[in-house]
Amino acid sequence: MEQPVELASEIKIGPVIDPGLSLAAVSDKISSIVLKRKTTLGWMVGVFIGFILLQGLLTGLTWLLMKGVGVWGLNIPVGWGFAIINFVWWIGIGHAGTLISAILLLLNQSWRNAINRFAEAMTIFAVMCAGIFPIFHTGRPWLAYWLFPYPNTMSMWPQFRSPLLWDVFAVSTYFTISAVFWFIGLVPDFATLRDSAKHRWQAVIYGFLSLGWRGSARHWQRYEKASLLLAGLATPLVVSVHTVVSFDFAVSIVPGWHTTIFPPYFVAGAIYSGFAMVLTLMIPVRSIYSLEGVITMRHINNMAKVTLATGLIVGYGYTMEAFFGWYSANKYEQFMIWNRMTGPYAPFYWALIFCNIITPQFLWSKKIRTNLMAIWIISLIVNVGMWLERFVIVVTSLHRDFLPSSWSMYWPTIWDWAMYIGTIGLFTVLIFLFIRALPMITIFELRMLLPGAKVKEPVAQ
Amino acid sequence: MSEHSENLNPGPLHAGTSLPNVAPGGLINIQTVTAKSIQAAMEKAKGPNYWRSLDELAATEGFQEVLHREFPRQASEWVDDEGRRNFLKLMGASLALAGLTGCTRQPTEYVLPYVNTPENLIPGKPMFYATAFPVQGVANPVLVEAHDFRPTKVEGNPEHPASLGSADVPTQASILGLYDPDRCQTVSYITEPRTYGSFLTVFKGILEKQAVKGGAGIRILTETVTSPTLYSQLQAVLKQYPGAKWYQWDPTGHGRRTGGFQAFGQYVNTVYKFDQAEIILSVDSNFLGNGPGGVRYAKDFAAKRKLHNGKMEMSRFYAVETTPTSTNAKADHRLAVKPSQVAPFVRALAAAVSGGSASGDFASNKFFTVLVKDLLAAKGKSVVIAGEDQSPEVHALVHYVNQALGNLGKSVIITESLEQKPTDQMADLKSLVQELNAGQVDLLMILGGNPVYNAPADWNLRGAVQLAKMRVRLGLYEDETSEVCQWVIPETHPYEAWTDVPAFDGTMTIAQPLIAPLYGGKSAHDLLTAFQEQAQKPAYDVIKANWQAKKGGADFETWWNHVVHDGFIKDSALPAKNPTAKLVPAAASAASSGIEVVFHSDPYILDGRYSNNGWLQELPRPISRLMWDNAVVMSEKTAKELGVKDEDKVEVSVNGQTVTGAAWRLAGHPDGVISLALGYGREKAGRAGNGAGINAYRLRMSSAPYFATGAGVKKVGGVFKLAAAQHHFQMEGRNPVHVGSLEEYKKNPKFSDEQGELPGKGMTVLPDTWHYEGYAWGMAIDLNSCTGCNACVVACQSENNIAVVGKEQAINGREMHWIRIDRYYKGEADNPETYFEPVGCVHCENAPCEVVCPVAATEHDQEGLNNMVYNRCVGTRYCSNNCPYKVRRFNFLLYTDWETESLKLQRNPDVSVRSRGVMEKCTYCVQRINYAKITAEKQERRVQDGEIVTACQATCPSDAIAFGDLNDPKSKVSQWKREKLSFGLLAELNTRPRTTHLAEVRNHHPELGGVKES
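Respectively, the protein sequence lines represent chains G and R.
If you're matching positions, the first sequence starts at 7 in my numbering and goes up one per residue.
If you're matching positions, the second sequence starts at 58 in my numbering and goes up one per residue.
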């Protein structure tokens, strides 16, 4: 059979889709996961584990609301801890989805089609997990809505100079655009599910969600236009959201936070962790649901390459941070970087260097890039490393700032962990529900990838 | 009434308590009582004179609450079986109590506004009353601020020579002691609540029996008595019952008293004139701390060391000490010695300054030779002062040294003792113990103090006291001593009672009550009137009559009114005397072997008397920065030898006794010595003091009350967490404190500028936004004057309703103090120089906190204040992260006590009480600023300089703080800011702090020099 894609040198890695699949086979393969397959024991166990972890979040939130943020390990000087670390971590993870769905769409990278739905879902769930933290980390979460500029009897605007306020706008916009983009992309597939539904209730629900999609040429024409527009809107968000998140730190005067390298370095870090998370999730899902034909080694290989590239940018960021710490000739900056490397939290710093600089270097080897187990382990290490990066930035900068008299330590409590693990539980549950109830791969886009679909013209405009 | 309480069957009421167990010898073991507050509440409700004031009305509400809340409070104990049983018992009790309140006739209540407004009462405007807070018999003269007759805040009495407007730490915290919910609240007999009337009946019966034998079985044990009225009352009792005996006991101050006697052959009081002193030598003395006269001494000392208005001279201060104290941290030269070396040092000094030649280890010590040279060059213009915890020998020698230096009558004034009957209290207590053990005591009255807790351990006072047949105890708390007494009578707090008491120089100070006794307490004056045949006289009458007898004259009433109004009798300081000191022979002392253990009073809770005061417990100790516990304090080297780190559990064995506590290393501490603060390890102090730290009294024997030798110290494994307010003490080359020597200052008065850097003009793109048309408030803090005493911290806590967070939270670095005293070291760990630096919110012109708050809860105002709007704060803590000074404090949990009724009375009605989840910080006492502004506006004038005094500034004993209008070039604060020593903390960040500091200058002797940066 012919190879549908151009890069001949990559033939050993395989095509973006198994060329043996037919149009009907693709539809059936994906929709059957939702419609035909029985709920497996494995799925039940997975949801159950996620659900148990989720209880950590619920218990943690209840206790937090009863007692106050003092149940966490925060103190003066370390006023931000796990909540902000987890917030940045989750938001960063979300970035891969937007990058895949928006930027790669605009760049006409057809290999994205098999993974974009899943990555977008991951984005939305990650932003949901992230959003919990900034609201509940406030001392009086019931008043957190004061951060929104709304007409009120107090005649008060929020304080527009604060990066936290920009965060509110950035993150809420991000969530909205991601959710809309995701839903629009689902509409044609809802129609496919509606049409092949076995039960009346499925047909009704999917039919309702498909917004009356009939697949007419006019529908397709509008759909393509809307997708492009949304992709255009979402593209700047890939850059802006994490840039604004980095402003939370960069705008302050705390040594270790106050640095101009943060915006690009945060964006790269976000994409880095996002791709790592997609790999972490995709590799098992692909084999459990036998999707090797649609999520091919080529996808894995490409994602590994993006991980390597962004990992190098992140590594450059760390190097520059250390260099400027020294080059600034500022005693506070110099101390900050020295304290990171040799202070009480040094093990965290060196673990971060290992996870984020050393580990991705293995991805230079094609052998490793094609070894699923190796990539999966590397992706896990990168996820841990990116969490450590936020820990190092937030905690080591605050715990020893300007006046030695206020230096102190921060250690998380059981409630810090409960909230963190709880959001992992929430994420897991949502991912499992998503796999069960929605087509995790864009059916119609995959069909376009098939050789048979290429009758008239290339996919993109 | 008493039948009711008997019907109640108090036995099962007391959780875990058995009924008094009467042993064959008549020995009664009384065990812990836990459910006493219920009974206390019941007792209160029955008093016939209950409705004496509005404040007590509030207490009644509290009582009703006790009844209504019984159920939910106890329900929380359901989990364990024991708790459930108690709950059932208590529920039964509350039903009975509910019945009781039904039986008792309730007083008629008339809720009416004032028909005749009390004289001078302007609602919302506080009134100040002069009174005194006596500590160990020495008056701390104060003005107490009262809002609607409710005392809320203590200030020093500006007229009084012992205060001049300032107050020390225990005095500032005394207002919390008044409202302490754990105070003894009811008269009781073997833990059963009784009335005072029933006590008097029983007491009369005992007295009748005693009258037959001339009172031979009566013993009265008091603290040191300095009150002339109390003394005359005691004298009257002793006259009436010639066989009775009166003893005095205070666990500290013994060396000073006896040492004076040894030197002069008579008991004396010593007053030091630090304003006359060119050279000062502290022999392990904490004279700037909280001892007698500490406030006045700090004022005089600091005045002599302020380098303002081009002054270039200051006194030179040498210190010889064992346990580092805040006072000796100010020393220009300091020598750390073992406790056993203090007496030899002073003896060598005595020899050297009296023309002889010094012998021994110190003769060749450079510190010693330079010191002698300096002292001899300043004859008559120096002060040598021995510490409260030093032995009689050291005190006697120091008197001799002062005499040899010609200081007596000049810089050191000897007067008659302040005590009415000075006596060797060790001998006093020993006689009492012997008589108790011999079974000679029928009636033992313990008025105040806490001897069972703080008597020498080898006398077993706890056991001995229980051999007295009837034991009557007057106490502020139901403490260790009350536990072994049958009759327990609540004592009045000093702000609830009349008394007369001298200040450190003998100035007679009259203490008037601010509020009717909250819990129906009695003062010692009241209790002694019980000896009289005739009807009880109020203490007021007794005191007034006593003074009438002394003063007499037709104009007595006018004079008396003046005295009560002013709080003291003008020019009543004791006259100087001219006794001659003799050189005492060396006391026999065991050869020093092994590790020495030194016992010293805690700087705040003193001998343990204030251990239930949360403000004091949570106040970081000036040097160790520890809160809530004492520790086994040792030097770095000793710790290394013992193989221990901070917080490791160690066992200290000495004199056959053992205590276990947490180790804590302290720079500047002598090697081979363990320091133990007294006053901790209380078992019956109350909720704040119970279980805090280790009880050093258990190691303190009558033979060695100052220090013990030959101690065994070993690591026992495990860790005991200590709460420290500061973990890092080096300056890390950042110069948070600018410091130089006097020589350096003379050469280059602007040396301070070189220790910091300012951002150059044009370095910032920020526009100079703020212009101040009216006032521009600012503060300056003189580090050279600051003695690190922490009085400002407590004053701020009292003024601004700052919550106590407790040890667990403090360990986590969440204490709420708006101002803190940072402590830094320079030099080597074995003998560093120590610097203090008070830091509150510095109200930056370019405040980093303001720009990052997303809800505009912290904002600049038109007078330059950085305001914190609690109601708007959502608690992101971003402001605190971005504050380079880390002075913002966050209510991580609900720290304010909204439940305890009595604590609500203490709060300042002009300051918001903060709840959970909001940020708070120093406001420059904005309520005081606005009060002054309103007053000035009404009078159509500007606020004058000195009209606004912040709480920290008001109480500062060393006048280290100036506050005022920066727009007024003549204001004190503007002048201070123009001083060449002025510097802005972290000014290099371009925050432009409004609170600036004045650099510290040390007057090093050229031959000794200063320390080098390690």
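Derived by calculation from the structure, the hints in this document are not laboratory data.
Computed from a prediction, not measured in an experiment: that's the story for all the values here.
In this text, a Cβ means the ideal position worked out from N, Cα and C, and glycines have one as well.
Check before you lean on any hint, since a few could be wrong.
[Said to hold, decoys possible] Sample of chain G residues at the chain R side, in silico, Cβ under 8 Å:
id, residue
1, 38
2, 70
3, 73
4, 83
5, 144
6, 149
7, 155
8, 156
9, 159
10, 162
11, 170
12, 171
13, 328
14, 409
Hint check results:
Proximity of residue 38/G to chain R is violated relative to the hint, the smallest CB-CB distance being about 48 Å (cut-off 8 Å). Taking 8 Å as the C-beta cut-off, the interface hint given for residue 70/G is violated, the closest approach to chain R being about 11 Å. Checking residue 73/G against chain R by beta carbon gives a least distance of about 6 Å; that is within 8 Å, so the hint holds. With a least beta-carbon distance of about 5 Å to chain R, the hint placing residue 83/G at the interface is held under the 8 Å criterion.
The interface hint given for residue 144/G is met, as the beta carbon of that residue sits about 5 Å from the closest beta carbon of chain R, less than 8 Å. Annotation: interface hint on residue 149/G holds; nearest CB of chain R at approximately 5 Å, less than 8 Å. For residue 155/G, the interface hint is violated, the least distance from its beta-carbon to any beta-carbon of chain R being 11 Å, above 8 Å. The beta carbon of residue 156/G comes no nearer than 12 Å to any beta carbon in chain R, farther than 8 Å, and the hint placing it at the interface is violated.
Violation of the interface hint for residue 159/G is found here, the shortest Cβ-Cβ separation to chain R being roughly 13 Å, above the 8 Å cut-off. At a threshold of 8 Å, the smallest CB-CB gap from residue 162/G to chain R is about 7 Å, leaving the interface hint in force. Proximity of residue 170/G to chain R holds as hinted, the smallest CB-CB distance being about 4 Å (cut-off 8 Å). A least Cβ separation of about 4 Å between residue 171/G and chain R falls short of the 8 Å threshold, and the interface hint therefore holds.
Interface restraint check: residue 328/G against chain R, minimum CB-CB distance 19 Å, threshold 8 Å, status violated. Interface restraint check: residue 409/G against chain R, minimum CB-CB distance 6 Å, threshold 8 Å, status holds.
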